[in-house]
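K.L.:
With the hints as your guide, set chain P onto chain V.
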Amino acid sequence: MSLPLPQLPVTTHRGSEIMLSRVANSLYWMSRYIERAENISRLLDVNLQLMLDFSHLDDEQLKEHWLPILRSAGDEETFFKHYTVANSRTVTEFMTFREENPNSVISCLFAARENARQIRDQISLEMFEALNECYLFLKSKNAREIWDSGAHEFYDQIKKYSHLFQGLTNSTFSRNEGYEFIQFGKFLERADKTTRILDIKYHILLPSVSDVGGAVDAAQWQAVLRSASALEAYRRFHMSDILPRKVAEFLIFSPSFPRSIRYSLERLYQYLHLLTETENGVCNTPEEEAFEKLLGDMRTLSIDDVFNLGLHEFLGNIQSTIDHLDDFIYQEFMYHPPTDMEAEIRLHQQEMQQQQQPAA
Amino acid sequence: MPMLLDSYDKENFFDEMFDEEAAVRPHYRKVLERMQRLDAGDYHRRQTAVDLAFMRGGVTFTVYNDNQGTERIFPFDLMPRVIPAAEWERVEKGLIQRIQALNMFLHDIYHEQKILRDRVIPPHYILGAKHFRREFMNCNVAKDIYVHICGTDLIRGRDGEYLVLEDNLRCPSGASYMLENRAALKRAFPNLFQSAGVRGVDNYAADLRKVLNYVTPDNIGSDKPNVVLLTPGVYNSAYFEHAFLARQMGIPIVEGRDLLVRDLKVYMRTTAGLMPVDVIYRRIDDDFLDPSVFRPDSLLGVPGLVNAYRAGNVSLANSIGTGIADDKVIYYFVPRIIKYYLGEDPILPNVDTYLASEPQDRKYILENLEKLVVKSANEAGGYGMLMGPWATQEEIEDFRKNIIANPRNFIGQPPISLSRHPTWVGDDFEGRHVDLRPYILFGEKIKVTPGGLTRVALRKGSLVVNSSQGGGSKDTWVLHDNE
Chain V
0 MSLPLPQLPV TTHRGSEIML SRVANSLYWM SRYIERAENI SRLLDVNLQL MLDFSHLDDE
60 QLKEHWLPIL RSAGDEETFF KHYTVANSRT VTEFMTFREE NPNSVISCLF AARENARQIR
120 DQISLEMFEA LNECYLFLKS KNAREIWDSG AHEFYDQIKK YSHLFQGLTN STFSRNEGYE
180 FIQFGKFLER ADKTTRILDI KYHILLPSVS DVGGAVDAAQ WQAVLRSASA LEAYRRFHMS
240 DILPRKVAEF LIFSPSFPRS IRYSLERLYQ YLHLLTETEN GVCNTPEEEA FEKLLGDMRT
300 LSIDDVFNLG LHEFLGNIQS TIDHLDDFIY QEFMYHPPTD MEAEIRLHQQ EMQQQQQPAA
Chain P
0 MPMLLDSYDK ENFFDEMFDE EAAVRPHYRK VLERMQRLDA GDYHRRQTAV DLAFMRGGVT
60 FTVYNDNQGT ERIFPFDLMP RVIPAAEWER VEKGLIQRIQ ALNMFLHDIY HEQKILRDRV
120 IPPHYILGAK HFRREFMNCN VAKDIYVHIC GTDLIRGRDG EYLVLEDNLR CPSGASYMLE
180 NRAALKRAFP NLFQSAGVRG VDNYAADLRK VLNYVTPDNI GSDKPNVVLL TPGVYNSAYF
240 EHAFLARQMG IPIVEGRDLL VRDLKVYMRT TAGLMPVDVI YRRIDDDFLD PSVFRPDSLL
300 GVPGLVNAYR AGNVSLANSI GTGIADDKVI YYFVPRIIKY YLGEDPILPN VDTYLASEPQ
360 DRKYILENLE KLVVKSANEA GGYGMLMGPW ATQEEIEDFR KNIIANPRNF IGQPPISLSR
420 HPTWVGDDFE GRHVDLRPYI LFGEKIKVTP GGLTRVALRK GSLVVNSSQG GGSKDTWVLH
480 DNE
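Protein sequences, first through last, are from chains V and P.
Counting in numbering that gives the first Met the number 0, the first sequence runs from 0 upward without gaps.
Counting in numbering that gives the first Met the number 0, the second sequence runs from 0 upward without gaps.
Bound-form chain V, shown alone (with noise of 0.2 Å):
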């Protein structure tokens, strides 16, 4: 009676670059982690700054802003067990430092620098010590006391080491497999956020007839681009005002600004086939089928097409393909079966066992 071996390939390979799977897997959400804390410091940043413009509203109206931002990261449950209102302040700091909610500012960066000590020996020493840096900083008292005294000023600084952070992957990470797995979670969470900063406004991005544009929508479609930093790039590309469906469009489709959802799918494809080691157009599971049929979408479809197909339903679809292709890529390079310890004891005492016999 023995273990059957893992269904892995089992290689003689020696001497050149090897990557651990577990190491893979904290490269990978180190990356994300990162890239989401950047995202949901824009985004509440940009938010609080809106509100600074609409400070007469009243309670039900401040929920009806927060609660969509809230259920775009998906936490309402969780909120609700620690606040009794959403308003600027509840959710922010929720989304800020709470560390009982998983994707708060600060349990992203607390997680991404545990998985970098996971795998300090892997990054860059540059890498490692501005990840450390952010993260003694958030655990300082400092960090409350700025974002207490103006928000902007903390979130800032957030986005400033996230920034620091990829520069320095840039400059100081070889270009290897490890490298990839960084991109691929960059690139993923990107694609990930840019829908669902569009999904929170897509009610007043959806051309209607009353579409003449009021002061506070306008308001709110900078909002939209500023979320995504992309209002001075789309200015440059629209010399005309900002109007939703174009607002849509860019976040959408811009094939070169670096935080649109096709830019990042774009990538996406560019490190997906850099990790399967395929050509391009090469696809082995329906996940990367998929994926391939939503990319050829994005480089053909217009945003007519998009409101016609419905815009939140078109976002939601972007999500769930970019999320099958993520547990494709988790099952191919950072899975092995878990291992069965009380199994494998017995397995190596039999093994002793046999040997010793022929000597009694």
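If you are wondering where the hints come from, they were derived from the structure by calculation, not from laboratory data.
Just so you know, these numbers come straight off a predicted model, no measurement behind them.
Virtual Cβ for every residue (Gly too), placed ideally from N, Cα, C.
Incorrect hints may appear among the rest.
[Claimed, not checked] So the derived list for chain V, only partly shown, Cβ under 7 Å to chain P, looks like this: (1) 17; (2) 21; (3) 23; (4) 116; (5) 117; (6) 119; (7) 120; (8) 128; (9) 131; (10) 132; (11) 305; (12) 306; (13) 344; (14) 347; (15) 348; (16) 351.
[To be verified] Simulated DEER-style distance windows between Cβ atoms: (17) P:395 with V:76: 38 to 46 Å; (18) V:159 with P:469: 31 to 39 Å; (19) P:199 with V:295: 54 to 62 Å; (20) V:162 with P:38: 36 to 44 Å; (21) V:173 with P:39: 42 to 50 Å; (22) P:404 with V:82: 53 to 61 Å; (23) P:221 with V:353: 44 to 52 Å; (24) P:221 with V:277: 29 to 37 Å; (25) V:162 with P:349: 54 to 62 Å; (26) P:388 with V:101: 49 to 57 Å; (27) V:354 with P:143: 19 to 27 Å; (28) P:221 with V:101: 41 to 49 Å.
[Said to hold, decoys possible] Which stretches of chain P does chain V cover? Using the computed rule of at least three CB atoms under 8 Å from a CB of chain V, they are: (29) 48-56; (30) 263-272; (31) 292-306.
P.N.:
Using the frame of chain V, we list chain P on its own:
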């Protein structure tokens, strides 16, 4: 304005920096001159900058006294400990002699056991020892090297003579601090370093890597072995060191869950499937290494690893079973071990030791508990120790009971008044007790890194230097010359 160290009082101790007449020793002259060009504020600023750099770089160890592990820096004192060339030469010779003899001892113990048959050591001390691994009898290790990495603790008493306090032959730690301390001091005092004529320690990681390559099992038939560092994981207090050394050596750091044994071969789980592992620098104690042989409840280890090791398909550094040689009772016999295998007198003497299991010694220990240091045979990190002269009556009676119940487990030693070193205590220098842990690497040759980790008991009057007990550390300079 008074200069730093002008009012330093060496009191009635052997001081590393100042001689009997309170004059600076020749090998400290350059350091002292440089330090005295600073004022207290200057010095303090540099010290603070170093502490911050350590924190930022994550040069920390983790303390678990609540649910959340707290990361702390291992306090580093900027004032270096200096050792002149001639003094070091003797230390080096003594350490090489000692590791040679201990390595021969381990080979003998796990094979013919001649030393027991010749009655140099009463057999029951070995056969009943906690760290004697009988599973490992008659098993050959690559190149017959058992102890690849050794960190021997040395102290100096009132007359300044170097004594061996203990041999750490299992998983000695601290080498990363030796390297980080040196890097920090170079940043804080770049010019001083150049002019003082200090020997480099930076080759440690490269040397260690060579040792690991050297002990590649013959079975592999490749001169490019896959070498890994096995850590208990990120929550281990020495995790920083594991990651640091792995990075410096360019080898992967693995946890037990990353490894798998099949057909007496060790594999790691990589993105490209299972890949062979040939040499393991393991930082997990024997007890936790393989739950199919040792502690079955250990989740840190790798089932089947010992079998693969016995089959000669993988090398471990250090070997399994080396703990028998740093048992504090066996320590008592090391001078005899050296004589027996090498026919030489020990260059570095032991501290006088009494064995509680010998009736006469036991009597002496029990009658003098308040004057002696009593140690458990197999504890490390400053735990399981009675400091008689400073202990409460209750602690003494506790030990008395334990000694009577289990005499094999205890030794007694006269307290040694460790040498002291000027140490920054926040606003000025005061004398604090120090020891020295040099690192010895055993591969194709035996190599002692010129320097090591000087540990300092930061609490006033304390003789306990362990990091877990309020100790700090210093950079250790071995000079090319004698001053």
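K.L.:
Which numbered hints does this structure break?
P.N.:
11, 12, 17, 23
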